[in-house]
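Chains as they are written, first to last, in this note's numbering: chain P, 1 to 167; chain X, 1 to 408.
Don't read these hints as lab results, they were simulated from the structure.
Keep in mind that the hints are not guaranteed to be accurate.
Across the chosen pairs, the derived CB separations fall in these ranges [said to hold, decoys possible]:
1) X/Thr54 to P/Leu152: 21 to 29 angstroms
2) X/Pro20 to P/Gly70: 21 to 29 angstroms
3) X/Lys295 to P/Gly70: 55 to 63 angstroms
4) X/Leu203 to P/His21: 52 to 60 angstroms
5) P/Asn137 to X/Asp259: 36 to 44 angstroms
6) P/Lys4 to X/Pro20: 52 to 60 angstroms
Distance condition first, Cα-Cα at most 27 angstroms in a straight line; then the derived DSS-like pairs of lysine-lysine [claimed, not checked]:
7) X/Lys181 to P/Lys4
8) X/Lys107 to X/Lys313
9) X/Lys107 to X/Lys187
10) P/Lys10 to P/Lys53
11) X/Lys292 to P/Lys91
12) P/Lys69 to X/Lys64
13) P/Lys71 to P/Lys4
14) X/Lys99 to X/Lys187
15) X/Lys195 to X/Lys181
16) P/Lys148 to P/Lys69
17) P/Lys71 to P/Lys98
18) P/Lys148 to X/Lys64
19) X/Lys257 to P/Lys148
20) P/Lys91 to X/Lys328
21) X/Lys64 to P/Lys71
22) X/Lys64 to P/Lys98
23) P/Lys148 to P/Lys98
24) P/Lys148 to X/Lys313
25) X/Lys181 to X/Lys292
26) X/Lys328 to X/Lys313
27) X/Lys313 to X/Lys181
28) X/Lys187 to X/Lys257
Cβ coordinates follow ideal geometry from the N, Cα and C atoms, glycine included.
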Amino acid sequence: MEDKHQEFIKFIQTNWNDSIHFEVDQHRILNSELQVNQVYSLINFLYKDLQFKVNNLIDLCGIHFPDQKGKELGVIYHLQSLRIPIICRLKVFVPVEKPEVPSITGIYASANWMERETYDFYGIQFLGHPNLRRILNMDEMIDFPLRKEFPLEDPFRADKEDFHFGR
Amino acid sequence: MRTNLEYRTEFLNPDMPDIPYSTLNLGPTHPATHGIFQNVLKMDGERIVSGEQTVGYIHRAFEKIAERRPFYQITPLTDRLNYCSAPINNTGWFLTVEKLLGIEIPKRVDYMRVMVMELARVADHLICNSILGVDTGALTGFTYVYQYREKIYEIYEEICGARLTTNMGRIGGFERNFSPKVFELTKKFLYEFPKIWREFENLLTRNRIFMDRTIGTGPISIERALNYGFTGPNLRATGIDYDIRAHANYCSYNEFKFDIPVGTTGDTYDRYVVRNEEIWQSLSLIEQAMQKIEKCDPGVFHADEEKYYLPPKQEVYNNMEALIYHFKIIMGEIEAPVGEVYHAVEGANGELGYYLISDGGRTPYRLHFRRPCFIYYQAFPEMVQGQLLSDAIVVMSSLNVIAGELDA
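Here chain P stands alone, though its shape is the one from the complex:
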């Protein structure tokens, strides 16, 4: 299994002229941080590659790091191969002023709702998505609720004052 991981890392390095580096973490997942312009092409490359067949999108989710200047919002992709135990974790970070990431719905139909969910909660714009609307929250909402500045509870609620517990 370790051989397969090393083989995969070398395979990516040779095909991408050392522009993408994968690292194996302690839970045997291959991690890589990408540039925005590499996302679509790398995922498409992995999808079409017949040697490792990393062609199954497990998960797509967003993340918010308010302290990383210029890289506040991120999208995290988990891709796996059904043949070989390889799981890749791809991360891409974008500034909060211009959160634009290419959509991968053209490759994976399953990415459609996952990208809508990420847009719904983080406000990340997926360029080229056929139907980028809110999915779980109501359409009238203007905030993006999973961003860290969004409060979990409304601090100004008058009907929920609880003086005994110091809230």
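Chain P is already provided as a structure; the job is to place chain X on it using the hints.
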């Protein structure tokens, strides 16, 4: 009579004269949708031309709530994802946290977890298949087998005191040991249930009406299923033997012997048959787990991790250290290591994944649930296009879409 394929090709023909379509709202609350989600269907008579789903009616912001809770308080949230098989969700969450903390789990705990997870899988598949019977018009089978879900819930009750939303187990093991009555009830269940389930299969599997209703209804090809991110029984019904229990080997599943049933066409009938066979495999797994538990030291039911596992009550009252740990755990002041973990378990309807990012605090920095329903329910309009309305209901039922998991 036109076949579905002929109908579809005719529909795609641009020279076709304009047909006035009607719109039908199936849901949000409708007995046939088994949960609160809406399907807006464009109908030509009784045929479905296209459809669109609306989800999010019971969205409860679990991911946001989880960012403010210590790890053990997140377990009750996972109960409410797929509430038909809550122990699988609980165990999946514990396995994720244990992977982050790097806790070694004793073998007996693994077997106990396999036992409850397979019981939960039986309960979930039992509901799905018997409700599929109801949707095709056979209420008898459902009322007959449903009492056995009750028996499974009695076993849960004996283990943890709860029935539906179980909150079963703790990080590192179980909160208390299995009483002898648990094994007694499970043995009784294993003795009685196969007869009942065989009768249920006799009623439906080769039933002419049931076969006519389900064969060829809502099929999906391997390529489309993979592209839509199908997992679990729905993917296996198309013919791919992908099962995380065998693929990723968590909870010592590699020590068990079980088969992975696969279908061929991915239609409703295949999904039904795959689930039936999985019930038989699960029963065998429960039996194997019980045999393995008997061979282990009967006193072990959790890992010795005093930092994360609550000490017993007698010690809390009499022992200083235990009191401190009890206080720290209850107040959520134990800090987790920095790390990033993805862990998936084979849930009852697919790959249930937890993606946990910890920044070293008492709560997760980010927790994402990979809910199988949410991902494969996207394929529903494609699966029912050109079919009858009554087929759409059967397809939705056999996909086993659970509203709690859909919306998180």
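Status of the hints after comparison with the structure:
Between X/Thr54 and P/Leu152 the CB atoms are about 26 angstroms apart, so this pair conforms to the stated range of 21 to 29 angstroms. At roughly 54 angstroms, the beta carbons of X/Pro20 and P/Gly70 sit outside the given window of 21 to 29 angstroms. Here the CB-CB span from X/Lys295 to P/Gly70 is close to 58 angstroms, well matched to the stated 55 to 63 angstroms. One distance hint, 52 to 60 angstroms for the beta-carbon pair X/Leu203 and P/His21, holds here, with the actual separation near 58 angstroms.
A beta carbon spacing of about 42 angstroms between P/Asn137 and X/Asp259 agrees with the range 36 to 44 angstroms that was offered as a hint. Evaluation of the 52 to 60 angstroms hint for P/Lys4 and X/Pro20 yields a pass: the beta carbon distance comes to about 58 angstroms. Restraint check: the Cα-Cα separation between X/Lys181 and P/Lys4 comes to about 47 angstroms, which exceeds 27 angstroms; the hinted pair is violated. Among the hinted pairs, X/Lys107 with X/Lys313 is consistent with the structure: their alpha-carbon atoms are about 25 angstroms apart, no more than 27 angstroms.
Distance hint between X/Lys107 and X/Lys187 is fulfilled; the C-alpha atoms sit about 21 angstroms from each other, no more than 27 angstroms. Taking the CA atoms of P/Lys10 and P/Lys53, the gap is about 15 angstroms. The hint holds against a cut of 27 angstroms. Between X/Lys292 and P/Lys91 the alpha-carbon distance is near 42 angstroms, which puts this suggested pair outside the 27 angstroms criterion. This hinted pair checks out: P/Lys69 and X/Lys64 have alpha carbons roughly 23 angstroms apart, not beyond 27 angstroms.
Between P/Lys71 and P/Lys4 the CA atoms are separated by roughly 32 angstroms; this puts the pair beyond 27 angstroms, and the hint is violated. The suggested pairing of X/Lys99 with X/Lys187 is violated, with an alpha-carbon distance near 32 angstroms, which exceeds 27 angstroms. Our distance criterion of 27 angstroms between C-alpha atoms is met by X/Lys195 and X/Lys181, whose separation comes to about 22 angstroms. Note on P/Lys148 and P/Lys69: the hinted pairing holds, with a Cα-Cα distance of about 14 angstroms set against a maximum of 27 angstroms.
Simply put, P/Lys71 and P/Lys98 have alpha-carbon atoms about 10 angstroms apart, close enough for the 27 angstroms limit, and the pair holds. A hinted pair counts as satisfied when its Cα atoms are at most 27 angstroms apart, and P/Lys148 with X/Lys64 qualifies at roughly 9 angstroms. Only pairs whose Cα atoms come within 27 angstroms are accepted, and X/Lys257 paired with P/Lys148 is rejected, the gap being roughly 46 angstroms. Between P/Lys91 and X/Lys328 the CA atoms are separated by roughly 35 angstroms; this puts the pair beyond 27 angstroms, and the hint is violated.
For a cut-off of 27 angstroms, the pair hint linking X/Lys64 to P/Lys71 stands: about 21 angstroms separates their Cα positions. Proposed proximity of X/Lys64 and P/Lys98 is supported: the alpha carbons are some 23 angstroms apart, at most 27 angstroms. Proposed proximity of P/Lys148 and P/Lys98 is supported: the alpha carbons are some 17 angstroms apart, at most 27 angstroms. Straight-line distance between C-alpha atoms of P/Lys148 and X/Lys313 comes to about 38 angstroms, which puts the hinted pair past the 27 angstroms bound.
Restraint check for X/Lys181 and X/Lys292: satisfied, since their Cα atoms lie roughly 17 angstroms apart, inside the 27 angstroms limit. Note on X/Lys328 and X/Lys313: the hinted pairing holds, with a Cα-Cα distance of about 15 angstroms set against a maximum of 27 angstroms. Of the supplied pair hints, the one linking X/Lys313 and X/Lys181 holds, its CA atoms being roughly 23 angstroms apart against a limit of 27 angstroms. Of the pairs offered as hints, the one joining X/Lys187 and X/Lys257 holds, with about 19 angstroms between alpha carbons and a cut-off of 27 angstroms not exceeded.
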